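Peer 1: Below are the chains, spelled out letter by letter.
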Amino acid sequence: ETGVTQTPRHLVMGMTNKKSLKCEQHLGHNAMYWYKQSAKKPLELMFVYNFKEQTENNSVPSRFSPECPNSSHLFLHLHTLQPEDSALYLCASSQDGTSGDEQYFGPGTRLTVT
Amino acid sequence: GENVEQHPSTLSVQEGDSAVIKCTYSDSASNYFPWYKQELGKRPQLIIDIRSNVGEKKDQRIAVTLNKTAKHFSLHITETQPEDSAVYFCAASKRGRDDKIIFGKGTRLHILP
Numbered sequence: 001e002t003g004v005t006q007t008p009r010h011l012v013m014g015m016t017n018k019k020s021l022k023c024e025q026h027l028g029h030n031a032m033y034w035y036k037q038s039a040k041k042p043l044e045l046m047f048v049y050n051f052k053e054q055t056e057n058n059s060v061p062s063r064f065s066p067e068c069p070n071s072s073h074l075f076l077h078l079h080t081l082q083p084e085d086s087a088l089y090l091c092a093s094s095q096d097g098t099s100g101d102e103q104y105f106g107p108g109t110r111l112t113v114t
Numbered sequence: 115g116e117n118v119e120q121h122p123s124t125l126s127v128q129e130g131d132s133a134v135i136k137c138t139y140s141d142s143a144s145n146y147f148p149w150y151k152q153e154l155g156k157r158p159q160l161i162i163d164i165r166s167n168v169g170e171k172k173d174q175r176i177a178v179t180l181n182k183t184a185k186h187f188s189l190h191i192t193e194t195q196p197e198d199s200a201v202y203f204c205a206a207s208k209r210g211r212d213d214k215i216i217f218g219k220g221t222r223l224h225i226l227p
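Each protein sequence line maps, in turn, to chains A and B. Note that my numbering has the first sequence beginning at 1, numbered continuously upward. Note that my numbering has the second sequence beginning at 115, numbered continuously upward.
Heads up, a few of these hints could be off.
[What the hints assert, rightly or not] Quick list of in silico lysine-lysine cross-link-like pairs, DSS-like style, CA-CA up to 30 Å: (1) A:Lys40 - B:Lys136; (2) A:Lys22 - B:Lys219; (3) A:Lys19 - B:Lys136.
Simulated from the structure, these hints should not be mistaken for lab results. Keep in mind that this is a model prediction, so the values were computed, not measured.
With the rest of the complex left out, here is chain B (with noise of 0.2 Å):
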């Protein structure tokens, strides 16, 4: 089956600086690669996504790469601001009605002041 790794576990960068959260996966057959930042207290939030048809895609200050070769995608947060102190998972799954999304464990991210 599937499985994700995600890197770092934890991670502080300063504000205003990028950051930069990596993920790997097992299934090459994984087409789907969401992103959800999970605030203090609060539910999960879908971020980002990409499909395996595309290999960067960008939202302002965000934006994923994907590399289906080496089977490994990005998340990329520029000028990073407080509210982006959060823990974000990223989760891989291919298409099928029956196939199951499989998430990272997570990255713990601190802007530091």
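Isolated chain A, as found in the complex (with noise of 0.2 Å):
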């Protein structure tokens, strides 16, 4: 399955460190996702672009930082973390963003921060 890829697909890093997640899709998709998964809140949404515009961003703190510089791929990028931002960090696309599209997960980033 390469529809949706990730890079890394695991990552330590320390809590002043800077580091990105990269997603990259190959489907021609239009809407790209950040979701959050962890023990206490499975697939969590974090950020959402539609056309390379954010249209959603969940409340996260600013030390989560995406960008999306066309429509085929998303970054996530990361400084001053805690250890409670320990989760896996997946990566979605949909054809166009609009509810009703079936979302394409990548197989994820296994983040631990210490």
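These two chains come separately, so use the hints to put the complex back together.
Peer 2: In structure tokens:
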């Protein structure tokens, strides 16, 4: 399955580090999403981009900064994270961001903040 | 905003028996209800979905029912098999470009041999 890819697959970072997660979709979709999956809140929507425009920021702390340079790529820039930010970060894409679109998920990045 | 409740959080079923997972939603305007399956260590994948103009949909061993009046929908898996063991997520959303999809907290289904 190579429709939605994410790198890196695993990341360990200190609280003072700056890192970025990358997502790429090869499905010709126009909407991309970032989700946080943790034991406490499975599949928590963080950001939505429709046609490269951010249409949703679900009260996410500013230490998470998304970037969508084009409809195929999505980044999540991380800085000064907290241990509670450790989770699986899933990227997804859908045809055009309207509800009623199937979301295709990437394999996720397992993030550990030390 | 929309709120989706999912029950049970864990379900153990004997192989060959049926499993039922239930979800309720709060926004009566929601009109799209997908179910995702996430196997251990893998990404969530859509297994079935239903729209508000339909009361039931079936695909081989899985079916979904929707009761718009009561605002609840259910996933039914018949003749369960070991490969059905996974976490299942329900979700609800309403039509609109900027409307977001809200997921339930998931149900961990164990198929017992």
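Peer 1: Against each hint, give a clear statement of whether it holds in the structure.
Peer 2: Hints, verified against the model:
{"no.": "1", "hint": "A:Lys40 - B:Lys136", "in the structure": "20 Å, holds"}
{"no.": "2", "hint": "A:Lys22 - B:Lys219", "in the structure": "26 Å, holds"}
{"no.": "3", "hint": "A:Lys19 - B:Lys136", "in the structure": "39 Å, violated"}
Violated hints amount to a single one, hint 3; each of the other numbered hints is respected by the structure.
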